[in-house]
Amino acid sequence: MNFSEKILGDAVLVSAAGRIDLSNADAFKDALAASLAKAKKALILDLSGVDYISSAGLRSLMIVFKAGKTEGKAFGIAALQPLLMEIFTISRFNLVFPLFDTVQLAVEKLAPGSNAS
Amino acid sequence: MKIVFWGTRGSLPTPLSGRAVRHKIVSALVKGAGQGLDTAAKAEAFCDRALSFAETNTYGGNSSCVQIDTGGSEYLLCDLGSGAREFAVATLAKHGPARPQTYHVLVSHVHWDHIMGFPFFVPAYIKGNRVRLYSCHAKLEQAIRAQNREPCFPVEFEALGADIEFVALEPGKRYDIAGTRVTGFAQLHGNDSYGYRVESGGKTVVYTTDSEHKPEDQAEMERAAACFANADLVIFDAMYSLAEATSIKEDWGHSSNVLGVELCQMAGAKQLCLFHHEPVNDDEHIDGILAETIRFEEITRVGAPLKICAAYDGLVIEL
Numbered sequence: 000m001n002f003s004e005k006i007l008g009d010a011v012l013v014s015a016a017g018r019i020d021l022s023n024a025d026a027f028k029d030a031l032a033a034s035l036a037k038a039k040k041a042l043i044l045d046l047s048g049v050d051y052i053s054s055a056g057l058r059s060l061m062i063v064f065k066a067g068k069t070e071g072k073a074f075g076i077a078a079l080q081p082l083l084m085e086i087f088t089i090s091r092f093n094l095v096f097p098l099f100d101t102v103q104l105a106v107e108k109l110a111p112g113s114n115a116s
Numbered sequence: 000m001k002i003v004f005w006g007t008r009g010s011l012p013t014p015l016s017g018r019a020v021r022h023k024i025v026s027a028l029v030k031g032a033g034q035g036l037d038t039a040a041k042a043e044a045f046c047d048r049a050l051s052f053a054e055t056n057t058y059g060g061n062s063s064c065v066q067i068d069t070g071g072s073e074y075l076l077c078d079l080g081s082g083a084r085e086f087a088v089a090t091l092a093k094h095g096p097a098r099p100q101t102y103h104v105l106v107s108h109v110h111w112d113h114i115m116g117f118p119f120f121v122p123a124y125i126k127g128n129r130v131r132l133y134s135c136h137a138k139l140e141q142a143i144r145a146q147n148r149e150p151c152f153p154v155e156f157e158a159l160g161a162d163i164e165f166v167a168l169e170p171g172k173r174y175d176i177a178g179t180r181v182t183g184f185a186q187l188h189g190n191d192s193y194g195y196r197v198e199s200g201g202k203t204v205v206y207t208t209d210s211e212h213k214p215e216d217q218a219e220m221e222r223a224a225a226c227f228a229n230a231d232l233v234i235f236d237a238m239y240s241l242a243e244a245t246s247i248k249e250d251w252g253h254s255s256n257v258l259g260v261e262l263c264q265m266a267g268a269k270q271l272c273l274f275h276h277e278p279v280n281d282d283e284h285i286d287g288i289l290a291e292t293i294r295f296e297e298i299t300r301v302g303a304p305l306k307i308c309a310a311y312d313g314l315v316i317e318l
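Each protein sequence line maps, in turn, to chains A and D.
Using numbering that gives the first Met the number 0, read the first sequence as starting at 0 and increasing by one per residue.
Using numbering that gives the first Met the number 0, read the second sequence as starting at 0 and increasing by one per residue.
These aren't lab readings, by the way, just hints derived from the structure by calculation.
Some hints could be false.
Just a few of them, taken from the derived set where beta-carbon distance is under 8 Å, the chain A residues facing chain D [unchecked claim]:
(1) 2
(2) 6
(3) 7
(4) 18
(5) 21
(6) 24
(7) 25
(8) 29
(9) 53
(10) 55
(11) 57
(12) 59
(13) 61
(14) 82
(15) 89
(16) 90
Being a predicted model, the structure only gives us computed values, none of them experimental.
Even glycine gets a Cβ: it sits at the ideal position worked out from N, Cα and C.
With the sequences and hints as input, model every part of the structure.
Next comes the structure, spelled out in structure tokens:
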């Protein structure tokens with residue numbers, strides 16, 4: 000799994016790529032938590048490069064999502080590949096996380112005024 | 000080995016309502032309009048060909064009770080939920096009350112939905128029958144006796160006519176029961192719960208209900224997968240969605256279809272049976288969960304395919 004982050008004003012945009020599973024879910028969670036700490040208002044995940052996420056990876060997302068709620072920070076996931084969208088739907092995480100078709104839409108909604116490009 | 004499901008619902012018996020029956024009839028009538036269904040045979044064939052399981056059947060409403068039939072003369076059950084009454088009625092119809100039988104029951108734990116069938120388990124009332132209740136759970140005898148006592152039930156445990164014995168099992172230790180080899184294992188559930196791996200004639204079934212799994216805990220996932228290793232069938236607590244089980248219903252002691260697939264894939268199991276259905280889920284909803292679970296297995300498959308089914312009262316699986 001590859002992981003990178005970019006500061007967008009009050010938001011942090013995280014981009015992940017590859018597989019997120021039991022072998023790297025903990026590292027993924029820790030990296031997300033560190034990015035959340037840097038975000039003033041919102042953490043946005045660009046998962047367009049992720050081709051698989053297991054229950055352990057979804058659980059990592061849930062932990063960081065809950066932490067963000069506690070801290071009053073918004074959380075959004077953008078640009079899911081069709082197969083990943085199926086996994087979110089089957090596991091019902093599509094009902095938990097705010098999902099956006101594109102990073103641009105997520106930024107406009109969660110961190111208006113920031114530039115996603 | 001033959002597995003017979005007498006009760007498959009989680010938490011509470013869930014009878015099909017009259018409104019639900021009417022909905023099924025209306026749906027079938029509309030879909031069958033103009034199909035020339037003027038004989039029972041034509042109607043049966045139409046149901047098989049054109050209607051879903053939810054339209055023609057029901058997953059059922061009895062709480063947990065599963066029979067493991069190895070062809071031997073003695074019976075082996077898992078849990079005594081309300082489905083145990085249906086089992087008892089069928090067994091008595093087969094043998095009659097005058098021919099003594101032996102019944103072995105592996106009890107997962109003593110939450111009410113898993114023992115509520117015992118007061119209505121007619122074989123326990125009949126002198127000459129032998130009933131052996133096994134569990135790794137320390138409070139089985141206490142719970143069964145308390146249930147058959149005033150003010151909860153009018154027939155005291157001591158008045159039951161059968162020769163009834165409680166047998167304590169140790170997790171991880173293998174026992175010979177009713178011609179099978181049984182190994183219990185601890186599960187994550189409030190007030191404790193135990194799963195059972197049952198092996199006979201080269202076939203293995205794992206009964207694992209009322210069990211929560213922590214997907215982020217690699218050691219726990221591997222331990223669970225080891226209990227399911229190479230099983231021909233895993234009867235799995237799929238009560239919640241993964242999102243529910245890891246958020247608002249975390250630590251409620253139940254699992255999900257997604258984790259059932261992942262654990263069976265890790266274990267190299269051959270078939271997963273979704274079990275302990277959430278009472279709020281109607282037949283159409285469970286049909287949908289089954290279809291989604293089959294799809295999830297397809298898109299996450301590693302190695303040999305994992306067969307998926309959803310348990311319903313009356314389902315028989317031949318292994």
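Practice prompt. Just pull the numbers of the violated hints for me, sorted ascending.
Written response: 1, 2, 3, 4 and 8
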